[in-house]
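S.K.: One line per chain: the protein sequences are A and B, in this order. The first sequence begins at 140 in the numbering used here and counts up by one. The second sequence begins at 62 in the numbering used here and counts up by one.
Please keep in mind that the hints were generated in silico from the structure rather than gathered at the bench. Ideal Cβ placement from N, Cα and C applies to all residues, glycine included. Mixed in with the good hints, there may be bad ones.
Ranges between beta-carbon positions, derived for each pair [as the list claims (entries may be wrong)]:
(1) A/Ala226 x B/Asp486: 34 to 42 Å
(2) B/Asn973 x A/Leu359: 27 to 35 Å
(3) B/Asn887 x A/Ser474: 47 to 55 Å
(4) A/Ser474 x B/Asp964: 37 to 45 Å
These are the residues of each chain, in order.
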Amino acid sequence: MKKLLYILSLSIAFSSCKKWVDINDNPNSANATVPTAEQRLPPLIAQFCDAYESTGTRAAFLSQQLAVTYLSGGNNYNLTGWVSNSANIGWPWQCWYVNAAVNVKPLITAAEKVQAYHYAGVAKIIKAWGFGTLADVYGVMPYDQFDSVGIITPKFDEAAYIHEKVLALLDEGIADLQKTQGPAAPSLAKGDVLNNGKTDSWIRLAYGLKARFLNHTSNLPSFNAQAVLDAASKGPQTKDQSTIMQYVDEGPMVTSTAKEALQYSNTGTSARITLLYLNYLTNNYTGAPKGANNMEDPRVDSLVPSMADQNGVLHRTQGVDMTSGITNSGPVSYSYNAATNTFNKKDSIYVIMRKTPYAPAATDRIQSTGTRYTRRNAQGLLFTNAELRFIEAEIYFRQHKNVEALAAYKAGIQAHLELMAIPPAKITAFLSSSSVEQNAANLTLSNIMIQKYIALSYSPENWADLRRMNYCADAAGNYNEVTGVYKGFKRPAHVNALNYPNQTDWPRRFAIASYEINYNIEQVLKAAPGANNPNYITERIWWNK
Amino acid sequence: MRKPLRLLAIYSLVMLLCSISLYAQERKAVTGTVLSDDGSPLPGVTVRIKGSNRNTQTDARGSFRIPVQPGESLEFSFIGYESQSIKPGESGIVDVKMHTASSALEQVIVTGMGIKREKKALGYAAQDIKSVELLKNKDANLVNSLNGKIAGLNITNSGGAPGSSASIIIRGGTSLEGNNQPLFVIDGMPMDNSTGQGDNSAFDGSINQSTTYSNRAMDINPEDIESISVLKGPAAAAIYGLRAAAGAIVITTKKGSAGNITGTVSSRYTTNWVNRLPKQQGTYKQGSYYTGTLNNQTAYSWGDKFQPGDHIYNNMADFFKTANAFDNSLAISGGSQTGNFYLSASNLDQSGVVPTTNFTRSTVRFNGEQKIGIFTFGVNATYARSQTQKTLTGSGLWAAGGSGYMESIVAWPRNDDMKVWLNPDGSKHRLLPDLDLDLDTDNPYWILYRNPQSDKTTRFIGSAYVNAKVTNWLDVNYRLGVDNYYTQLSNLIAPGSSVKLGWQSGMLSETDRNYNYVNSNLMLTFHKTFHKDWDASLLLGTTSEDTYLKSNSARAENFTIPNFVSINNAAKENQYISQGISRTRLAGFYGDLRLSYKNMVYLSATGRNDISSTLPVKNQSFFYSSVSGSLVFTELLPKNNILSFGKVRASWAQVGKVAPPYQTATSLFGPELTIGGGFRNYWSRGNDELKPEATYSTEFGTEMRFLNGRLGMDFTYYITTSKDQILTPRVSNATGYILSSVNTGTIENKGMELTITATPVKNKNFSWEVMLNASHNKGVVKTLPGALPILYVTDVHLVNAKAASFNNGPFMGISGSTWQKDENGNLLLDWNTGYPVTSVSTTTYIGNREPDLLGGLNNSFSYKNFNLSFLWDFRVGGDVYNGTDYLLTLYGLSERTENRNSDITFSGVAKNPTTGKFEPVTKTVKASEKYYRDIYLNNAPFFLEKVNWLRLRSVSLSYSLPHSVLSQTPWLRGAVITATGTNLLLFTNYSGMDPETSTAGAGVIGSGSAGIDYCGVPATSGFTIGLNLKF
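Turn these sequences into a full structure, and let the hints guide you.
M.R.: Right, here's the structure in full:
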């Protein structure tokens, strides 16, 4: 009996002990199962945008839209020399997997709890979009074993496999968005900071993405042009149906960059416009449309910055000629001296991309007008109707339907002009000028793709097109001004011989991110045996073979 | 098995608590008092009737009472004292004075839970160090004063900055990702010795690799320490529970003793200077020809040659200065028959070899004890205040803090006078004015004078205890302790610094950290002698620990008034706050049973059950145990003078280890600052299946003394295996996380320790004592989780080399990138260029940082009133990665780049593009800047060195004033003058700075950063003169 009492009192002591140590709920943060769907969606969109647009900035450096001030060993400088390495392409990878994608599953779980199908649909589309985009730049990446409990060395999947998954996921997303939400579900508008709750825009986006991803396979025997056209027909047809991120300008006094446009942050004060981009914009390339009725593209001043001279007259930036050798030691950055109203370096002819001063007074010298894409409150043109028109133009052109191709080409230009908020009268004038090809018989693939290149400024898609079209090279890989599509697109003067030893080597994929090289090397080498080699980045991905 | 044992232990504890019954056993008797050397009463002395098992013990006043028959004699024994045998006289009163044991055979050591035990009774290795030895090369950081003195201790000082941390690893690391440093226990209470509390990288960009933090044992005034016991393995420390899996450092502070009141004043002045600096070339100027065209807007020194008449600046050597330290302390102690006290105060004011840096510390301590009846009440309390002034040595997270000063110094072009950091008009003088500010390199003086970091800590550690001698076979002890500190960290980036855009108009970050630890410990000790030859003792106890840590951080960006330093001096939207709370609790029940037979055979078993708050509820409670035994085999041999003492010992032990708090679930980021706010998952994945990790250790040892103790030897061999490691490794981002909590992985450490002591000469005037210790440890990783081939240590990532633990390979490995080879080991060359083919992978095993042998040789000569002692320490083997030279090479300042643009020939195989086959080729190519930067640097083994050293760690000469002088000054009872040199000689094959280096300090977990040399503050040599007066 006494013994029993002791044991009883002991077990009471023991269980009160257990209670005393039960303090392991994190007081600093709620548990990952707590947030609701509408609390989960905004950061998913914001982080996806970062991953996507940061991929776009890197693609813009590789695609010779952007140059950068000289900095030996600098990340962006390396990219303009076509060197993607584990350091400079790590961010899109980390931002996608860790900041964005890992939130998809808990968002869907939270959404399904309250039958918020629209949230689930949006989450699936973002998942498809992110994986689809990154698979096409990295070539291989973990998909099946992503976010699996107990697996810390996920196996890599081929982009071709991910491509199939992505298409299926887009269909699932569309189906979810077409459902009626449950009575307790929050309306999509509550958390949708991208399309403001418009399910139609999301559905159109999903079809648009299908068109984009399917079109990547244009060089494969299995290519189904009609499937692309069908998807494109269900994608965004107007500016308002496009998926566009509106960033927020909190003013220059706010140090946080969280709400400002990604291209504003990413281009910083060191990015510059290339001569190639400027030439494309001003129709200054071999085979550009020309005639008696030429007119300057009304978008130029939206896309490239200008600077005022001492008399207050604006001058456009010079473009950095990537082939001339200037990139071997320049351009250098410069600074403005207000007292003398001068710049300290002659390289100030290469104008910075940020509007400077931020809010010029009448007497201030305009150091840069900035560009429409690199304003703090710029729009991120994530997926637009313009892209679909150019996809159609390309397909029709290949199908020798030149009339349809010409119409689509012009519709694409028009769409982008509208997106750039060009006044309608100017749009009409430009579209009927000889600076836009008017004769279906004279239309070339170069005309289409170069206009698409402009319309997709800063989009990761440009680099996919460049690779698909084989830059301006012939079948052997040598630069060819006659047969090449992207006229004038040459190897940069400072291209690194370690990575690109041969004239026929062109950038074909991103390097593997350091997080995988360091922590998952066995799986990396299983999927990409050449990943250790400096010229791994010249290996073509599945649809580019 | 586990449960019944646990129940039994707890049951018996409760039984004893509830049924304490006193009984008397008395007839007619002999009485008396036992006093110690200094006249104070000695409680607990065993008084035994010789040749019987009748015995008693002295009480708190040293008194005893025992019935004696005529003709019988009494035997007095007490650990640490020489035994005596006395025949009672007619009076029936026997007063005895016990003498401290002089021979090593009777040595006493403080073991787990503060229990003093005879060293010969121990079944495991433990070593201690006394005050005198500790103070011979007194260091602000007491950890450094242990270096070279104890076998099996691997101590690494992180550099020469004042207030910098030192790590201590016993018998290799047991944890791949956890803290591998031993538990610090002061006067019976665990105390915090963490490092890097300031690492708040996500908040203020400051990372451990780029600055120096103190380890908190620095809050202890070394003068207060009476002795330090090092309990090396889990067997010794198991009783302390899971925090002692890596051993324990048990500190006992000084006590007053009965008799006269004694005062001590001690003053020291130290001067320090840099002992070694890396070498730089002085042939080439700033510039770069990387792209073929000269560019001067670069900090690189790949430019043109210096021309006659050009000034070549010694920027690095001119930068460092001679540092000083003033160290004063005083103490007063005394006592009576029933009580004693010790009161001390100290002040240390130390400047650094780097301008503006310093460390100051003030301490006060009170220890007191009073006996009342069967009770002894006591208190140990210390208050410490310390401050470190420093700044970033390297770039912070995301280069947020720009470049640190050490990186800048190492790489500063020698055609530029680094001292010119301001223009005549007071504005910033820039190295590369043509670059955007964030891409420029800040001048080290700018960083020091404009971007200071500081930390201030106030700390109280105290405990109060009561001992009750309930009967002569039961003692009850209760102790309640607190360890509380408050640290203020401040980190300033001045407007105009070359940092990320958001901070170019200033950034101030302040963090307040409050650490609060409460420990409650109840212990019952039973002891009994059976049949005269058997001694038994049982200890039962329960302990609870509550640790609470709260840190509040505030940051201001973009100062409104440019040079006004205040968190308030920024717009509200540029002010940030962050709070972190961490709370852990632990309840433990433990028992320790010891048996001994005839001072010859000793057996001991311990068991402990812990309940920890940081594990999932189902795995919260766990039990572990240890057994150990020793045999003094010389007791079986005939007494002889050759082998005077010999013992063998063996032990087996198991200790658990738990997770940090809040790892059982994934937490969140948010509300986010991005558009729409909201929440997203934190970058570390939680795990609700975590279970405790377990360390198993098996140890064998022997101790032998020859020639009446003039020569001694102690040897230990051990195997330690740690299983089910709780890890939060960096993982593939494709898991969705940067870090992930997992629960697998095994480390095995095998090693041996040897200590040899000798007294070659000992006579009235002269004695010579030698102590040699040496140890070897090999740490191997057995199974890493989920096919993870390598585990990296966060914070120790250099571009092409990293501290790494390899699966089925070394625990303290280094991974790096290497040139590619074919399967036959031939170098792969590029067919066209002829250069070796590099690899982008940095995961190749390139070296092991663990030394083959570590040791120390301590000599002490005494002649009359002079004592000369010198301590050498040595290391054999183990790689050091010279990251500093990597940086120098990248910047074109390393001497190895001096023969740039010369021809260099490679032989290997290259792939013939026409045949597609590999053919042997020999190619001669130019060792251009491009070659060095893109190809040479890519082969990390070029910067790896197998390092040996022999170092005169300290040499100390002291002179004590003789009695003849002292007798004329009755107020002065002793005076000692000491001159000490530290680090005066270093013989090493290492080409860089001091090879005792650890770039990220002691706060780094897992295999740590020891053996990685990367732009740390150079180590110093020093000279100290000290005076110690006793009143």
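S.K.: Run every hint past the structure and note whether it holds.
M.R.: Hint-by-hint comparison with the structure:
1. Distance hint for A/Ala226 and B/Asp486: a CB-CB separation of about 38 Å, consistent with the stated range 34 to 42 Å.
2. The hinted range of 27 to 35 Å is satisfied by B/Asn973 and A/Leu359, whose Cβ atoms lie roughly 32 Å apart.
3. For B/Asn887 and A/Ser474, the Cβ-Cβ distance of about 52 Å falls inside the hinted range of 47 to 55 Å, so the restraint holds.
4. In this structure, A/Ser474 and B/Asp964 meet the distance hint of 37 to 45 Å, their C-beta atoms being roughly 42 Å apart.
The structure shown violates none of the earlier numbered hints.
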